[in-house]
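*Asks:* One letter stands for each residue in the lines below.
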Amino acid sequence: MAEIEPTSEKKAIKQDKLIQLIVFRLGDEEYGIRIEQVKEVTVTPEIAKMPKTPSFVKGIANLRGDIIAVIDLEERFKLRPANEPLPAMSYTLAIEAKDYTIGIVVREVPQPLSVPMSIIEKTPEFIQDINVHDKYIEGIAKVDGRIIIVLDMPKLLSPAEIMQLNPKIESSAAAPRTRA
Amino acid sequence: MKSREEEYREIFMAEALEYYDAMSRHISELEKDPTDEKALHELFRLMHNLKANARAMGFNDIGEVAHQMETIFGLIRSKERTFSGSLVPVLFAGVDTLGNMIRAVDQDEEVPNADVLLRNLDLLVLGEEPILEAEEKPADEDASRKLELSDLVYIQIKKLDHLLNLVGELIIDRDRILTLSQEIGNPALQTAASHLFRIADDLQYSVMDARLVNVGSLFNKFPRVVRDVAVAENKEVELTINGQDIQIDRNILQIITDALLHLVRNAIGHGLETATERRRQGKPEQGNLILSAQTERDDVLIQVIDDGRGIDVEQVRRKAVERGLVSAEASKSLDANAVRGFLFEPGFSMAKEVTDISGRGVGLDVVKLAIDSLGGQLRVDSVLGQGTTFTLVLPTSIAVKGALLFELEERSYAIPLMHTDSVVSLQPKQLHVVGGVLMARLLSENIPVVDLRTLLHSASDGVLLPAVKAELQGRQDIIIVNYNNRKLGFIVDRFLRQQDIVIKPMSKPLDMIDLFGGVTLLGSGQVCLVIDVPALTRLFLAKRP
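As given, the protein sequences belong to chains A and B, one line each in that order. So the first sequence is residues 1 to 180, counted in the UniProt record's numbering. So the second sequence is residues 1 to 545, counted in the UniProt record's numbering.
There are no misleading hints in this set.
Stretch by stretch, here's where chain A covers chain B in the computed footprint (C-beta under 8 Å, at least three residues):
(1) 502 to 511
(2) 514 to 520
(3) 527 to 540
Restraint-style ranges between C-beta atoms, simulated for each label pair:
(4) B:F197 - A:E121: 55 to 61 Å
(5) B:T454 - A:A160: 26 to 32 Å
(6) A:R146 - B:I184: 43 to 49 Å
(7) A:P81 - B:D202: 49 to 55 Å
(8) B:D365 - A:K78: 38 to 44 Å
(9) A:E121 - B:E407: 49 to 55 Å
(10) B:Y8 - A:A160: 49 to 55 Å
(11) B:D202 - A:A160: 42 to 48 Å
(12) A:P81 - B:T454: 21 to 27 Å
If you are wondering where the hints come from, they were derived from the structure by calculation, not from laboratory data. Since the structure is predicted, the reported quantities are computational estimates derived from the model, not experimental observations. Yeah, the Cβ is synthetic: ideal placement off N, Cα and C, and Gly gets one too.
With the sequences and hints as input, model every part of the structure.
*Replies:* Written as structure tokens, this is what we have:
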């Protein structure tokens with residue numbers, strides 16, 4: 001899917017292993033997921049809203065015969081107010097979680113990007129500014145002046161995380177929804 | 001489809017030919033090593049089975065030969081005869097004769113006369129020398145010898161499960177293609193699509209048919225169970241079994257095995273009285289237990305009927321109040337059926353003493369769960385002092401279920417017909433608010449009604465707000481569901497249609513939400529949630545104002 005683009009960093013550190021990321025935008029930031037965790041990228045299929053789920057769970061969709069849950073990370077990370085409708089055209093990344101597939105909806109076309117392993121900084125320093133809890137973050141990559149937050153998908157997509165099995169949040173999960 | 005008679009005959013033939021092959025093999029082994037105990041046991045067993053099967057099918061000639069052969073192998077086994085001398089050719093001739101007879105039955109020919117063989121076998125049993133005729137044209141027989149493969153294939157249920165899943169997927173795609181072809185309107189495509197429709201339909205029923213087994217394959221294990229339980233409980237029980245040849249999906253039968261076992265143990269342990277008690281009440285000393293199966297429309301009804309002491313509704317009512325399942329006030333208005341429904345609540349046991357057989361804290365709720373998981377129904381009827389009847393209403397097949405489609409908030413939902421009692425459209429004036437709950441009076445029954453939208457979106461803690469009649473505008477479309485002897489109405493936006501659907505399990509992690517039994521894909525490609533009536537009923541009971 002991604003072409004390997006030689007970068008200046010690559011020349012500098014010859015033995016460095018390249019990793020490929022799928023990069024997408026959430027809010028004002030760029031996020032990346034390792035390509036091996038992404039099953040496919042597709043135009044978002046029709047989504048059926050499911051009652052009794054947190055509002056960032058957009059619903060379920062039929063992806064080539066598989067019924068998968070589709071979630072909106074912008075809502076999950078509170079980068080966007082809850083219950084805002086998706087634009088007419090959006091994209092879904094089918095992510096392979098531990099024992100199921102889940103869809104992540106993004107508003108712009110995701111792009112592949114190769115970065116050397118070594119530029120991913122393991123210790124994020126400024127995470128508290130944004131609402132992404134640092135436990136979902138594998139590291140921060142600085143590429144040509146861009147900053148890409150690399151997400152640790154298996155952690156983010158554990159069933160307990162997705163379903164927000166936390167009594168405090170449940171009232172918001174069950175807030176009235178008028179949009180189908 | 002073949003008649004059942006014919007199907008049995010085919011199974012008998014296939015088994016008989018298989019037995020014959022095995023006999024030929026084992027008797028050759030025995031000839032090589034006359035002390036081969038294993039081969040001897042096998043021969044004895046095969047003869048015994050063939051005898052029983054042949055007699056059951058009415059092929060008495062085969063049964064007779066097999067019986068005599070079995071006797072001789074029995075004598076060899078008990079060391080009264082040895083596999084040697086003139087006995088050997090007679091037994092070989094016996095196996096060959098059986099083979100010929102089986103083949104003759106298969107070809108609908110005259111079954112060869114076995115009198116000579118039977119006379120020789122008789123002589124052998126009596127310990128006398130058989131009269132061996134001169135070698136009968138052995139060359140000719142070798143030339144005409146045929147090798148046959150069995151007509152029966154054993155298959156792992158796993159493979160059939162896989163096949164059924166594939167067919168399920170195919171049906172979904174088929175419906176999609178049919179819808180698309182109608183939209184596109186190309187006549188050639190429409191013809192191909194309708195042909196695909198018929199073939200897929202046939203395929204589906206063939207696969208479902210291949211998975212059917214007789215209820216008898218489970219029922220026939222019960223005489224022994226009943227005997228053991230009756231002895232342990234010190235009761236006299238007469239078991240009657242009806243409808244063994246009713247057919248049902250093998251996996252459904254598997255899933256209800258424990259449930260049925262539980263019901264039967266319960267009936268003997270708690271239902272039937274001891275002989276002394278029965279005599280005192282003017283009943284025959286022997287208690288009657290009936291296991292019966294019958295078909296009703298597309299469903300299979302399995303009943304466990306006893307003529308024991310029955311269920312004391314008032315006692316159940318008291319117990320339900322004690323356990324806080326219902327307020328004392330509300331309990332008074334419940335009818336007997338609704339009260340008996342409490343028996344299926346988790347941990348609700350009426351057993352006063354814990355016996356060895358039943359009442360080990362495992363209640364009827366386990367039975368209920370098993371039936372629910374199949375989308376079936378469990379009913380109980382009882383007359384105090386006269387007995388209790390448990391009825392399991394089961395689908396014949398797991399894959400396809402009849403469902404009612406309806407619309408709510410511009411989305412389609414499906415509700416299995418198994419749990420649907422009726423649909424009604426009512427004007428607001430026909431609904432009344434009683435204790436914060438809407439009530440509809442239908443056919444002299446008061447049925448609580450709830451707006452499904454409100455119920456689905458209710459907060460996970462706390463109760464529903466009391467219903468306000470003024471909120472009802474215009475005609476209300478209501479689906480009445482029936483679960484656990486309780487009726488409940490759901491107000492929906494619009495009824496759509498009735499349709500057979502293939503239910504796919506809810507994908508993880510959304511399967512944590514138990515309100516939906518799964519999803520189905522409609523012909524339009526739309527994803528449609530399938531309502532789980534038991535879970536929704538429980539939610540309503542937990543949340544009613």
